[in-house]
Amino acid sequence: MPARSILTGRVLMALVMFLIFVVMVGVALDYPAQARFMPLVVGIPGIALTLFELIREIRRALAGDAATAPAGDTSAVSVPGDVSRLLGKESVSAGAATPAMSPQEAQKREWILLGYFTALLSGILVFGFWIAVPAFIATFLRERQNTRWRLTLGLAAAATAVMYIVFHRILGMDLYTGFLTQSVWDAVFLTD
Amino acid sequence: MFDVMMGTLFQLLTTPYLMGLMVIAVAIGIFVGATPGIGGRLSIALVIPFVFGMDMIPGAIFLLTMHAVNGTSGQISSIMFGIPGDGDDAATTLDGYPLAKQGRAGEALGASLMASGVGGIIGAIVFAVLIPVLEPIILAFSPAEFFFLALLGITFIAFLAGSDNIFKGLSIGFFGMMLSFVGMDPATGIARYSGDFLFLWDGLSLVTAVLAIFAVPEMIALGVQGGAIAKLADENLKISYRQVFSGVRQLFTKHWFLAFRTSIMGAIIGMIPGLGSSAAAWLCYGHAIQSSKHPERFGKGALEGVIAPETASNAREGGALLPTLFFGIPGSSGMAVLMGAFLILGIQPGPTLIKDHMDLVWMLIWGLVVGNVIAVSFLLFVARWVGKLTFVNGGMLVPFILVVVVVGCYINEGQWENILILFALGLIGYGLLKYDWPRAPFVIGIVLGKIAEESLNKALALWGGYFFLRPLSLILMALIVLTIGYAVYKNRATRRAVAVAGKVRHAS
Numbered sequence: 001m002p003a004r005s006i007l008t009g010r011v012l013m014a015l016v017m018f019l020i021f022v023v024m025v026g027v028a029l030d031y032p033a034q035a036r037f038m039p040l041v042v043g044i045p046g047i048a049l050t051l052f053e054l055i056r057e058i059r060r061a062l063a064g065d066a067a068t069a070p071a072g073d074t075s076a077v078s079v080p081g082d083v084s085r086l087l088g089k090e091s092v093s094a095g096a097a098t099p100a101m102s103p104q105e106a107q108k109r110e111w112i113l114l115g116y117f118t119a120l121l122s123g124i125l126v127f128g129f130w131i132a133v134p135a136f137i138a139t140f141l142r143e144r145q146n147t148r149w150r151l152t153l154g155l156a157a158a159a160t161a162v163m164y165i166v167f168h169r170i171l172g173m174d175l176y177t178g179f180l181t182q183s184v185w186d187a188v189f190l191t192d
Numbered sequence: 001m002f003d004v005m006m007g008t009l010f011q012l013l014t015t016p017y018l019m020g021l022m023v024i025a026v027a028i029g030i031f032v033g034a035t036p037g038i039g040g041r042l043s044i045a046l047v048i049p050f051v052f053g054m055d056m057i058p059g060a061i062f063l064l065t066m067h068a069v070n071g072t073s074g075q076i077s078s079i080m081f082g083i084p085g086d087g088d089d090a091a092t093t094l095d096g097y098p099l100a101k102q103g104r105a106g107e108a109l110g111a112s113l114m115a116s117g118v119g120g121i122i123g124a125i126v127f128a129v130l131i132p133v134l135e136p137i138i139l140a141f142s143p144a145e146f147f148f149l150a151l152l153g154i155t156f157i158a159f160l161a162g163s164d165n166i167f168k169g170l171s172i173g174f175f176g177m178m179l180s181f182v183g184m185d186p187a188t189g190i191a192r193y194s195g196d197f198l199f200l201w202d203g204l205s206l207v208t209a210v211l212a213i214f215a216v217p218e219m220i221a222l223g224v225q226g227g228a229i230a231k232l233a234d235e236n237l238k239i240s241y242r243q244v245f246s247g248v249r250q251l252f253t254k255h256w257f258l259a260f261r262t263s264i265m266g267a268i269i270g271m272i273p274g275l276g277s278s279a280a281a282w283l284c285y286g287h288a289i290q291s292s293k294h295p296e297r298f299g300k301g302a303l304e305g306v307i308a309p310e311t312a313s314n315a316r317e318g319g320a321l322l323p324t325l326f327f328g329i330p331g332s333s334g335m336a337v338l339m340g341a342f343l344i345l346g347i348q349p350g351p352t353l354i355k356d357h358m359d360l361v362w363m364l365i366w367g368l369v370v371g372n373v374i375a376v377s378f379l380l381f382v383a384r385w386v387g388k389l390t391f392v393n394g395g396m397l398v399p400f401i402l403v404v405v406v407v408g409c410y411i412n413e414g415q416w417e418n419i420l421i422l423f424a425l426g427l428i429g430y431g432l433l434k435y436d437w438p439r440a441p442f443v444i445g446i447v448l449g450k451i452a453e454e455s456l457n458k459a460l461a462l463w464g465g466y467f468f469l470r471p472l473s474l475i476l477m478a479l480i481v482l483t484i485g486y487a488v489y490k491n492r493a494t495r496r497a498v499a500v501a502g503k504v505r506h507a508s
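Residue numbers (the numbering used here), protein chains in the order written: chain A, 1 to 192; chain B, 1 to 508.
Isolated chain A (complex conformation) (with noise of 0.2 Å):
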C-alpha cells in the first residue's frame, strides 16, 4: 500500500491534534510542579485519547474507508435511532437546491475560500480595516458571486460606512490601521 493513501485528510487532522497536546504538555514539563500539573491532568489523557482516534483514522485509511461528508453540508438531517424506528426512516431531506459537487470541485472552492480568509487578515494586518474591508468585500462579491459592479461598489461602500458609523462613531473604537499604512500616513504627515 504506498503511504500515500494513509495520508488522508482525516488522519493529518487527528495527527494534528496529536501533536498540539504532545507539544503543550511537552512545554508543561518545564515549568514548576504546581504550574505543570492541570496541564499534565488534561494533556497526557489528551495526548492517549488524540493517539487513539490516529491510529483509528489510520486504520480506516488502510482500509479505505475514508469517505467523508462534503463539510458543511446541511442537506440531510439524521433522524435519532428510535424514532427513525417509528417513522421508517433514516433521514429527512433538506431539499437543498444547490447541485452536487465533485470532491475535486470543493476542494478547490475550500482552497479559493481559504484563500480568500488569509487575505482578508493579511490586509488588515498590512493595510488596516479602512482599506482591506471594502476592498476584500469588493472583490469577493465580483469574483465569487459575480455581481454587478455598481452592486458591489455599492455594498462595499455601504459595509465600510456601516462599519464607520456602529465601530468609530457609536461605540467610538479605533479600528486597527495596518502596518504599512501606519507607517506611510507617518512618514507623510510627519506624526509619531
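Be careful, since some hints might not be right.
[What the hints assert, rightly or not] If you want the footprint, here are the derived chain A segments under chain B, 3+ residues with CB under 8 Å: (1) 46-55; (2) 124-135.
[What the hints assert, rightly or not] To spell it out: a stretch of chain A is covered by chain B in this simulated footprint if at least three of its residues, at any positions, have a beta carbon under 8 Å from a beta carbon of chain B; those stretches are: (3) 22-30; (4) 138-147; (5) 172-182.
For the record, the hints were derived by calculation from the structure and aren't laboratory data.
C-beta atoms are modelled at their ideal positions from N, C-alpha and C, and glycine is treated no differently.
Keeping the supplied structure of chain A fixed, place chain B upon it in accordance with the hints.
Quick look at chain B alone, frame taken from chain A:
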C-alpha cells in the same frame, strides 16, 4: 423571593432600554434563524463582541432572547419549503411540509409558532419552579465538587457529539481546557504557553477562540457550498392570516394538553446535559404519535406533528438554562456558546448566582418569557415574509460575516495579534468541522478549564489530596466513569450492529 421575582419583571417591562434590546434581539434572532447558513451558535458567537462592553443584565438578556428566538424562526423554512435548519426543525418538517403542500401552510405556521411560544414560556416556568428545590443542593457544592462538575460538563458535552464521537469530543474538550491554561498561572505567577507575547499573559481571548472555532469554519463551509437553499416556486408563500389564526385556535382548543405535556417533557429533557439538542423534539414527536388515536396521519400532515416538536424544542431552552447557570454544565451546544458569552459578561455560573445574583436569574427567566411573547407576536404577522429569507444566497453573506468576525475579534481587546490567533484557530476549526470533530466541547473546555483549575487549587488547599473522597465528589466521579463507560458500550454496540448489517447485506 417573591419580591425579587416581581421586582425583576416590573424592572424588565418598565425599562425602555431592556425592552428595546429585546426587540433588537428578536429581530436579529429571526433574521439569523431564518437565513440559511447562520445557526444559533454562530449568531451568539457573532454578537459576543457587541455585548462585550454592556452591563451584565442587559447583555445577558440580549443574548438569551436571541438564542431563544433563533429556533422559533427556523421552523418557518421547515414548514414552507421542507428545509430544516437543524435537527429540531427536521421533526417539524415531517408534518409541516405536507401541510404546506396541502395549502395549509398558514395553519401549520400559526400552530407551530404559538406552540413554540407556549413551550418557551412553560420551559421558563419549569425552571423557576425548580429553583427552590435545587437551591440547597447547589449551595452544598464546594470547590472539590466544582472541579468534578467541570470534568463532568466536558464528558456530558462530548456526548453531544454522539456516542461514536465521544473520544473526539473529549479530545476537543481537553484541547479547550489546555488553551484555557494559556496566560499567567494565578498560583505561581508563571506565564504558561505565552512565550514573550505580552498579549497572551492575560490568557487567550475567549471571543477570538469562539469566533475562530465556530464562525470562521461555518463561513468557509457556506462559501464552499454557495447558493441559496431554496429555489422552489413560492406557491407555499401564499398564506392568509385567517389560516394562521385558525392554527393558533386549534392549538388552544384541540391540542392544548399535548402542548402542555410536550412542554414539560422538553424542559425536563433540556435539563439533562448531553442528551442532544434534537432529542427533545424527536422524543416528543414520538410521544405525539404514540398518544394519538390516529397515528397513521403522522408524516402526511398532522397538526400535532408540528406542535409537539416545537413546544418541546423551545421548552428545552428553559430547562437547559438550569444546569448551565447553576452547575456550569450547558444542556446543549448552543447553551455552551451562550455560557461562554455569559462568562465574558462577568456571569460566573455556580452557587454565587443563587446567593448573590438571584435578580439576574429571575431577569433571565422573565427574559425568556417576554422574549418568546414578543417573538411569537411578531412572527405570526411577518412569517410569510420571513420565509423569503430562505432565498437569500448564502454565499453573498460570507464576506460580510467574515468582516464582522474579524472586527469582533479585534475590538474586544484591541490587539492586532488576536487576528493571528483567529487565523490559526480558524484553520483548526475548519479542520474540525470538515472531519467531523465536534466543536461544542471546545467552548466548554476553554470556559470550564479555568474554573476547574481554580476549584482544584482551592480543594487541594482545603482538604489536600483527599478532596476526592468527599461523598458528593465520589458521586460525581462515578457519574463521569458511568458516562464514559456508557459511551464506550454504545459505541461498540453500534459498531457490532453495523458489522452484522454489513454481513447480512454481503450474504444476500
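*Whether chain B covers the region 46-55 of chain A (at least 3 residues having a Cβ closer than 8 Å to its Cβ atoms)*: Coverage by chain B holds for the region 46-55 of chain A (5 residues, Cβ < 8 Å).
_Is the listed coverage of the region 22-30 of chain A by chain B valid when you require three or more residues with a beta carbon under 8 Å from a beta carbon of that chain?_
holds (count 3)
_So is the region 138-147 of chain A in contact with chain B by the C-beta rule, three or more residues under 8 Å, or is the coverage claim wrong?_
As far as the region 138-147 of chain A goes, the hint holds, because 5 residues have Cβ atoms under 8 Å from chain B.
*asked:* Can you tell me if the region 172-182 of chain A counts as covered by chain B, using C-beta to C-beta distances under 8 Å and a minimum of three residues?
replied: holds (count 4)
_Check of the region 124-135 of chain A against chain B for coverage (Cβ-Cβ below 8 Å, three residues minimum)_ = Coverage by chain B holds for the region 124-135 of chain A (4 residues, Cβ < 8 Å).
When the structure is compared with the earlier hints, no violation turns up for any of them.
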